[in-house]
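Go by the hints and put chain B onto chain A.
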Amino acid sequence: MGATVSTLAYLAASVLFILALRGLSHPETSRQGNVFGMVGMAIAIVATLFRPGMSGGGVALVLLGLAAGGAGGYVIAQRIQMTALPQLVAAFHSLVGMAAVFVAAAALYAPESFGIGTRGHVKTASLVEMSLGLAIGAVTFSGSVIAFLKLDGRMSGAPILFRNQHLLNLGLGILLLLLVIGFVGSGSEALFWLIALLSFALGFLLIIPIGGADMPVVVSMLNSYSGWAAAGIGFTVGNLLLIITGALVGASGAILSYIMCKGMNRSIVNVLLGGFGTEGGAAAAARADRGPVKVGSPEDAAFIMKNASKVIIVPGYGMAVAQAQQVVREMADLLKKEGVEVKYAIHPVAGRMPGHMNVLLAEANVPYDEVFELEEINPEFAEADVAYVIGANDVTNPAAKTDPSSPIYGMPILDVEKAKTVFFVKRSMASGYAGVDNELFYRPNTMMLFGDAKKVTQEIVQALQR
Amino acid sequence: MNPTELANQAAATAQRALELAEQARRAAEAAAAAAAPAAAAAEPFLYLLTIFLLACFVGYYVVWNVTPALHSPLMAVTNAISSVIVVGAILATGLATSWVAVVFGFLATVLAAVNIFGGFLVTRRMLAMFKRKG
Numbered sequence: 001m002g003a004t005v006s007t008l009a010y011l012a013a014s015v016l017f018i019l020a021l022r023g024l025s026h027p028e029t030s031r032q033g034n035v036f037g038m039v040g041m042a043i044a045i046v047a048t049l050f051r052p053g054m055s056g057g058g059v060a061l062v063l064l065g066l067a068a069g070g071a072g073g074y075v076i077a078q079r080i081q082m083t084a085l086p087q088l089v090a091a092f093h094s095l096v097g098m099a100a101v102f103v104a105a106a107a108l109y110a111p112e113s114f115g116i117g118t119r120g121h122v123k124t125a126s127l128v129e130m131s132l133g134l135a136i137g138a139v140t141f142s143g144s145v146i147a148f149l150k151l152d153g154r155m156s157g158a159p160i161l162f163r164n165q166h167l168l169n170l171g172l173g174i175l176l177l178l179l180v181i182g183f184v185g186s187g188s189e190a191l192f193w194l195i196a197l198l199s200f201a202l203g204f205l206l207i208i209p210i211g212g213a214d215m216p217v218v219v220s221m222l223n224s225y226s227g228w229a230a231a232g233i234g235f236t237v238g239n240l241l242l243i244i245t246g247a248l249v250g251a252s253g254a255i256l257s258y259i260m261c262k263g264m265n266r267s268i269v270n271v272l273l274g275g276f277g278t279e280g281g282a283a284a285a286a287r288a289d290r291g292p293v294k295v296g297s298p299e300d301a302a303f304i305m306k307n308a309s310k311v312i313i314v315p316g317y318g319m320a321v322a323q324a325q326q327v328v329r330e331m332a333d334l335l336k337k338e339g340v341e342v343k344y345a346i347h348p349v350a351g352r353m354p355g356h357m358n359v360l361l362a363e364a365n366v367p368y369d370e371v372f373e374l375e376e377i378n379p380e381f382a383e384a385d386v387a388y389v390i391g392a393n394d395v396t397n398p399a400a401k402t403d404p405s406s407p408i409y410g411m412p413i414l415d416v417e418k419a420k421t422v423f424f425v426k427r428s429m430a431s432g433y434a435g436v437d438n439e440l441f442y443r444p445n446t447m448m449l450f451g452d453a454k455k456v457t458q459e460i461v462q463a464l465q466r
Numbered sequence: 001m002n003p004t005e006l007a008n009q010a011a012a013t014a015q016r017a018l019e020l021a022e023q024a025r026r027a028a029e030a031a032a033a034a035a036a037p038a039a040a041a042a043e044p045f046l047y048l049l050t051i052f053l054l055a056c057f058v059g060y061y062v063v064w065n066v067t068p069a070l071h072s073p074l075m076a077v078t079n080a081i082s083s084v085i086v087v088g089a090i091l092a093t094g095l096a097t098s099w100v101a102v103v104f105g106f107l108a109t110v111l112a113a114v115n116i117f118g119g120f121l122v123t124r125r126m127l128a129m130f131k132r133k134g
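Residue numbers (full-length UniProt numbering), protein chains in the order written: chain A, 1 to 466; chain B, 1 to 134.
Here chain A stands alone, though its shape is the one from the complex (with noise of 0.2 Å):
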């Protein structure tokens, strides 16, 4: 196949692409938008393989290790839980950071494959497209391995701190800086290598200070960065095809990362200091003499919204740890068949992934149309009977708006306090991520279910059907 013929291939899969995530823009386009990006992907590795000059040796080796990836891809994405999507994804982030850095080592191995010069005389642009992709690669590999474990519970969510963190992280900033000029100028292997180890170190160090619930802006972020290493890549190789492709990416991730921040009212740069939430603890319970909070039964919440003409639930963080959103599915059925108009209110950095609560509900078969964003859903609550929050508390918090001194002031909140009862489904009177006390669990209103968020649901689906 001709360098025309693989050209064009490499267009139709660009376009491909782009019209993937084009379908992403409505629910029932979206599954043919997929076909769309297989089909692409599909494109480019045969063009790929029909380059001219591949080895027959060299083709049967992809051959198996496309073989070899592809089914232990197949089988993860088979058998993975949707509540493990977050870590999946994290730990997906990682391949493809690692991907970057392979090929990097092999551009810098045999550049006459990418016609970029001979072993030990790169050209110098192509050393720094490398040097970059090299280390965003190796910074989104060792920072998505975190992310993962942060994710997965086999790290602690709780942010990682000591002294001068910044300072250090700054100095190796530096350090990074000097020795890609340095390996430009020279184009010394050994230089490669302590740049792919820095980057390592870094993309370690920028995420271990950032804390579990910031998890939804540093996995928008990685996403990002991913690709922005396939770009790097391209510009090594001179391939149009990454190069588009891992600019589509990188804009993706972006947009995720600003929209995440904008949910939270916070800075990327706040984010990614880190440390976030582990300061209130004591402010939040200096503050926890506000007085009585009302406790109600499971029997009490099922009376109140069988009786109700319109419930909106709240889902949060707490409704995929404790698996609840089955059971939660089941009661708002119970809850139709009363009568009651049942809507669900998704706020943007509900849970550890982006649109994380919405596959959550998906997977409980809850239509998607009764599913509703923050602005849609807000004008909502003031004719509401009852909001029922599930595993959810800083994004219902009113001191968002009221108190010019929370950490959390400014932040877009569901507004819960309209509707005419609340019910709070929480373990304790803990606080939230942001370590602020929320001063609905003490208002007349709001009738406090303590529990398992499971355990709470079941029993109100058990007194809804007696």
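Treat each hint with caution, since some may be false.
[Said to hold, decoys possible] Think about it this way: if two alpha-carbon atoms lie no more than 30 Å apart in a straight line, the pair counts; the simulated DSSO-like pairs of lysine-lysine are:
hint : chain 1 : residue 1 : chain 2 : residue 2
1    : A       : Lys123    : A       : Lys310
2    : A       : Lys306    : B       : Lys133
3    : A       : Lys310    : A       : Lys343
4    : B       : Lys131    : A       : Lys306
5    : A       : Lys401    : B       : Lys133
6    : A       : Lys306    : A       : Lys123
7    : A       : Lys336    : B       : Lys133
[What the hints assert, rightly or not] A few chain B residues that face chain A, going by a derived Cβ cut-off under 8 Å, partial list only:
hint : residue
8    : Ala24
9    : Phe45
10   : Leu46
In case anyone wonders, no lab produced these hints; they're calculated from the structure.
Bear in mind that the values here come from a model prediction, so they are computed numbers and not experimental data.
Beta carbons: idealized from backbone N, C-alpha and C, even for Gly.
Showing chain B alone in chain A's frame:
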């Protein structure tokens, strides 16, 4: 001034103009020769950079159109398509003359393949769950 003198002067001027033109042509040639390597080196990069920036804009507008409900599948599918880095890995494996590069290319192929199959499949699983009422 008699016609002969005038003709001579005109001829001399013409001669001078010719010389100047020749000089200019040589200067232009020299400049082009000097500029050519620079242009050849800069052009492919600028060409790639142009495509890259335009693709960033396409990505920007397409992704803002993605419904927030599908942000998780968006991450999964972008993750799958960023494994298009497999193209670089295949070229490294199939074209390389150095066994070190072949090893790196092969490892990159395996990692990217995990991602391609895993990413698209998990996206498909997620999207299959998004159903309408009733």
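Violated hints - listed by number, lowest first: As far as the earlier hints go, 1, 5, 6, 8 and 10 are violated by this structure, in ascending order.
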